[in-house]
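Asker: Here's the letter readout for the chains.
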Amino acid sequence: MTELNAVAQATIAQAVETPAAAAASSASYETVGQPFLDSGAKMSMRDVDVFYGDKQAIFNVGLDIGQNEVLAMIGPSGCGKSTFLRCLNRMNDTIDICRVTGQLQLEGQNIYDPKLDVVPLRARVGMVFQKPNPFPKSIYDNVAYGPRIHGLVSRRAELDEVVETSLRKASLWEEVKDRLHAPGTGLSGGQQQRLCIARTIAVSPEVILMDEPCSALDPIATAKIEELIAELSENFTIAIVTHSMQQAARVSHRTAYFHLGKLIEVNDTEKVFTNPDHELTEAYITGRFG
Amino acid sequence: MNKPSSHDTGANVENTMSTIDKVNRNLAKRYRKEKTFRAMGIASIAFGLLCLVVLFTDIIGKGHSAFLQTYIKLHVDLSTEMLYIDDPSDPHQIAAADYQGALKEALKERFPEVTDRRQKRNLYGIVSNGAGFQLRQMVEENPALLNTQLDVWVAADDDYDTYYKSRGEGEAYTGRFNEEQISWIEALIADGAVKKRFNTTFFTAGDSREPEQAGIRGAMMGSLFTLLVTLALSFPIGVAAAVYLEEYAPKNRFTDFIEVNINNLAAVPSIIFGLLGLAIFINFMEMPRSVPLVGGFVLTLMTLPTIIISSRAAIQAVPPSIREAAMGIGASKMQVILHHVLPLALPGMLTGTIIGMAQALGETAPLLMIGMVAFIVDIPGGITDPATALPVQIFLWADSPERAFVERTSAAIMVLLGFLILMNTLAVWLRKRLERRW
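Protein sequences appear in the order of chains Y and W.
One gets this note's numbering by counting positions in the first sequence from 1 and adding 78 to each.
One gets this note's numbering by counting positions in the second sequence from 1 and adding 75 to each.
Where hints are given, some of them may not hold.
No farther apart than 25 Å at their CA atoms in a straight line, the calculated lysine-lysine pairs in the BS3-like style are these [to be verified]: (1) Y/Lys-209 with W/Lys-183; (2) Y/Lys-193 with W/Lys-183; (3) W/Lys-195 with Y/Lys-133; (4) W/Lys-270 with W/Lys-183; (5) Y/Lys-215 with W/Lys-507.
Simulated from the structure, these hints should not be mistaken for lab results.
Make the full structure from the sequences, and use the hints.
Answerer: As structure tokens, then:
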């Protein structure tokens, strides 16, 4: 145990070094477990570094996300898991000082290709945010927004159908079918988050990124969302960032443990939570720090 | 909260006790300070309200009488000989007839004792020299009145108007009157031939040298056209500039420089903008003087910084989560702006715009520079007709020597304030109406 603390502290000490020194040391670690898949990778990332100005937030991360897989990303606050997630559909583009290097591919296509248009990329890789953020419009318009802007449907009836299917998939249909034209902001927190999920799946993305989707919800709403994630994984590839290890254990197939911008371990979820390969992972999941 | 832990000793307990005592000792002082702090705020508001009440009392007290006008009843003979009309079917002759003469004749009949030439001229001055037009209009509308005798109420001259209005309250205004003039008007009052009516002229006429014929319609229309030009230019330009600066402009020294200068422009005295307008629009671009078009250009320059600053603030206030949500489903930048940012920022933008417009409505100095201070009798019918504006009209009337312009100045101020209050209410209403919760 003393050994373990020493390792943890050493890592912490390393991270607070000057950015240059930290960057220099970034190559000197290796992700343990199985970050890469032999086949069936939907998204594959290699040597990803992310910088906020001079500060490096992500160090040399390599990771695959498999088709129809639920990948959970866990780790202490500020470890870069959300930053990494937001690289996957280029949401970090909105931050001026953010710079991403390395290869990030969606089905073999480089998503940081300067020629690539982010609009279709984000239609393929949707995102659900930490805080439910429905538009201040009706429930119907919230879900219909994506199909409308992408021109996915041509007739009103088709749109109605897309809205209904999406709300059904997000298990919200029964609760809202009588008030589709009531404002989406009038729903409860859990319903709002499911509305946001419905809005995301209405454009039929291939990958859904979820950034702590339950952190603002109560346990009952959380349970519903988790159930939903399990159902959605039949059709979608899901990457979820979570602070709740129980949640990661419940919903995911594989789990990636991030620590201070580094990807420490990636393994099958069961293995991570029963017999992790790395001391840091064990220390974190047993609650010794973080 | 106070879970006893292993190192909770007696000394610690004593320390906490004395801390509470210390807190209690200072408590009274803290509350006293808080009370003073609050009292200062209340005093400031009370002072502001007092000033407002004094201002309104003064203006309304002086100006309310301008909404009434004294009328005098005269028995007029409208025979064709009197009016020098040969052919009553000819509209030109009816239009050109001497109605003022008929009024003079009526006065002469009422006061047959006046024979002296100078006195006669004084006598004719009882009625407004615009009263003939009133009579002409009556006849033109109803030619059957020709060759009849009838009682008509015609507007009194401004001096008699002021005299009659001030008559009840202490010392009446006598101005340049002599004893006889007072006796005439008193005789008419005794006949019941003098009364006050609502002053429609004030709202339907343009400016005039004669107070009883002067109205603010010209100035109102001038202000309206000027503001329309200002609004049509400054709202789109201001919003577009704000959107670009907030959403597209890279954050570098150049945009910092632009930002600082927009803030500086908001503080530039408005007369400078007037000079700029004079130099550029009138001297260089050779646009006509005194027209609402140029006034609108100048006021646009003046209001733009206000609109840009408030629009930027409104855009910044849009929660980033809404932008992220839209971008997360693949909305393009323009779609994010048009579908989400602008609708949410609109109430703030409109509020800023209306406040800018209210500022422009009250602005005088730049209009003086571009010649909108001229004496213009005609009511402007478009943005290229010479015009003046409400605040300038107030300035002009405040300068006029006639006593009756004092109340009209105050009345014009009331109208201007009324419009300002209306615009500010509109801003509040729009904000309430369009505000969406999330």
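Asker: Confirm or reject each hint.
Answerer: The hints, checked one at a time:
1. A C-alpha spacing of about 89 Å is found between Y/Lys-209 and W/Lys-183, which places the hinted pair above 25 Å, so the restraint is violated.
2. A distance of roughly 96 Å separates the Cα atoms of Y/Lys-193 and W/Lys-183; the hinted pair therefore is violated under the 25 Å criterion.
3. In summary, the hint linking W/Lys-195 to Y/Lys-133 is not supported, as the alpha carbons are separated by about 97 Å, beyond the 25 Å threshold.
4. Simply put, W/Lys-270 and W/Lys-183 have alpha-carbon atoms about 20 Å apart, close enough for the 25 Å limit, and the pair holds.
5. Distance hint between Y/Lys-215 and W/Lys-507 is fulfilled; the C-alpha atoms sit about 17 Å from each other, no more than 25 Å.
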